[in-house]
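Chemist: Sequence:
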Amino acid sequence: MIYHLSGWISVLISIFAIYPSYQPGANSVIGFYLCLFALLVSAFASHLGHSLYYRAVFSLSIVNVLFVNDGTNISLLTSENDWVYIGSMYGIYIVVSTICGFLVSREDLLGNSIRRKESKRTHKRTA
Numbered sequence: 670m671i672y673h674l675s676g677w678i679s680v681l682i683s684i685f686a687i688y689p690s691y692q693p694g695a696n697s698v699i700g701f702y703l704c705l706f707a708l709l710v711s712a713f714a715s716h717l718g719h720s721l722y723y724r725a726v727f728s729l730s731i732v733n734v735l736f737v738n739d740g741t742n743i744s745l746l747t748s749e750n751d752w753v754y755i756g757s758m759y760g761i762y763i764v765v766s767t768i769c770g771f772l773v774s775r776e777d778l779l780g781n782s783i784r785r786k787e788s789k790r791t792h793k794r795t796a
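The C-terminal position of the sequence shown is numbered 796 in the numbering used here, with every residue numbered one higher than the one before it.
Note that these hints are calculated values from the structure, not bench results.
Everything numeric in this text was worked out from a predicted model, so none of it was measured.
Yeah, the Cβ is synthetic: ideal placement off N, Cα and C, and Gly gets one too.
Just so you know, not all the hints are guaranteed correct.
Stated by the list, open to error - Computed Cβ-Cβ distance ranges for the label pairs, DEER-style:
{"no.": "1", "residue 1": "L772", "residue 2": "V732", "range": "39 to 47 angstroms"}
{"no.": "2", "residue 1": "F736", "residue 2": "Y672", "range": "43 to 51 angstroms"}
{"no.": "3", "residue 1": "Y691", "residue 2": "V753", "range": "38 to 46 angstroms"}
{"no.": "4", "residue 1": "F706", "residue 2": "M670", "range": "20 to 28 angstroms"}
{"no.": "5", "residue 1": "M670", "residue 2": "A695", "range": "49 to 57 angstroms"}
{"no.": "6", "residue 1": "K793", "residue 2": "I755", "range": "53 to 61 angstroms"}
{"no.": "7", "residue 1": "G756", "residue 2": "R790", "range": "12 to 20 angstroms"}
{"no.": "8", "residue 1": "I671", "residue 2": "Y759", "range": "39 to 47 angstroms"}
{"no.": "9", "residue 1": "I684", "residue 2": "T795", "range": "17 to 25 angstroms"}
{"no.": "10", "residue 1": "T747", "residue 2": "R724", "range": "40 to 48 angstroms"}
{"no.": "11", "residue 1": "R794", "residue 2": "Y702", "range": "18 to 26 angstroms"}
{"no.": "12", "residue 1": "L772", "residue 2": "L674", "range": "13 to 21 angstroms"}
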């Protein structure tokens, strides 16, 4: 129950993070870090192999970071902006999403291998 609740909360946080991302200045940074927090919460929620929450939050956060966020919008790379800031924000996002993705895939792989072992055991018992 806690995993489903935290999963839906992470999706709501990710949707809520779109609003401050539109605004210039510090609000876009707040929206960026809300996306990262939602990724971490969704990785926790996907602990039992329900990667639906992580996939939803990951897709919303990609849209937020690349297209919506005022400080990290991909169109800023073509203009004369602070490339160090944009690159560092992309780097932070890549590191956090990679770690969360690894945790979700690892839990999914472990869950699948445990399920396979249990099904083999029950198949041997019935045979």
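Chemist: Taking the CB of I684 and the CB of T795, does the distance hold inside 17 to 25 angstroms?
Modeler: Between I684 and T795, where Cβ atoms are some 46 angstroms apart, the hint is violated.
Chemist: Holds or violated: the 13 to 21 angstroms window for the beta-carbon distance between L772 and L674?
Modeler: The hinted range 13 to 21 angstroms holds for L772 and L674, with Cβ atoms some 19 angstroms apart.
Chemist: At the C-beta level, are F706 and M670 separated by a distance inside 20 to 28 angstroms?
Modeler: holds (21 angstroms)
Chemist: I want to verify a distance hint. Is the separation of the beta carbons of L772 and V732 within 39 to 47 angstroms?
Modeler: Violated - the Cβ-Cβ distance for L772 and V732, about 22 angstroms, lies outside 39 to 47 angstroms.
Chemist: Determine whether the Cβ-Cβ distance between T747 and R724 falls within the hinted range of 40 to 48 angstroms.
Modeler: The hinted range 40 to 48 angstroms is violated for T747 and R724, with Cβ atoms some 30 angstroms apart.
Chemist: Range first: 18 to 26 angstroms. Now tell me if the beta carbons of R794 and Y702 are that far apart.
Modeler: violated (51 angstroms)
Chemist: 49 to 57 angstroms was suggested as the range; check whether the CB atoms of M670 and A695 agree with it.
Modeler: Violated - the Cβ-Cβ distance for M670 and A695, about 36 angstroms, lies outside 49 to 57 angstroms.
Chemist: The hint says 12 to 20 angstroms between G756 and R790; measuring C-beta to C-beta, is that right?
Modeler: 51 angstroms Cβ-Cβ, so the 12 to 20 angstroms window is violated.
Chemist: Between K793 and I755, does the beta-carbon spacing fit 53 to 61 angstroms?
Modeler: Check passed, 56 angstroms falls within 53 to 61 angstroms.
Chemist: Quick check: does the Cβ-Cβ distance between I671 and Y759 fall within 39 to 47 angstroms?
Modeler: violated (32 angstroms)
Chemist: Regarding Y691 and V753, is the given constraint of 38 to 46 angstroms on their beta-carbon distance met?
Modeler: Violated, at about 23 angstroms.
Chemist: Measuring from beta carbon to beta carbon, are F736 and Y672 in 43 to 51 angstroms?
Modeler: violated (29 angstroms)
Violated hints for the displayed structure, listed by number in ascending order: 1, 2, 3, 5, 7, 8, 9, 10, 11.
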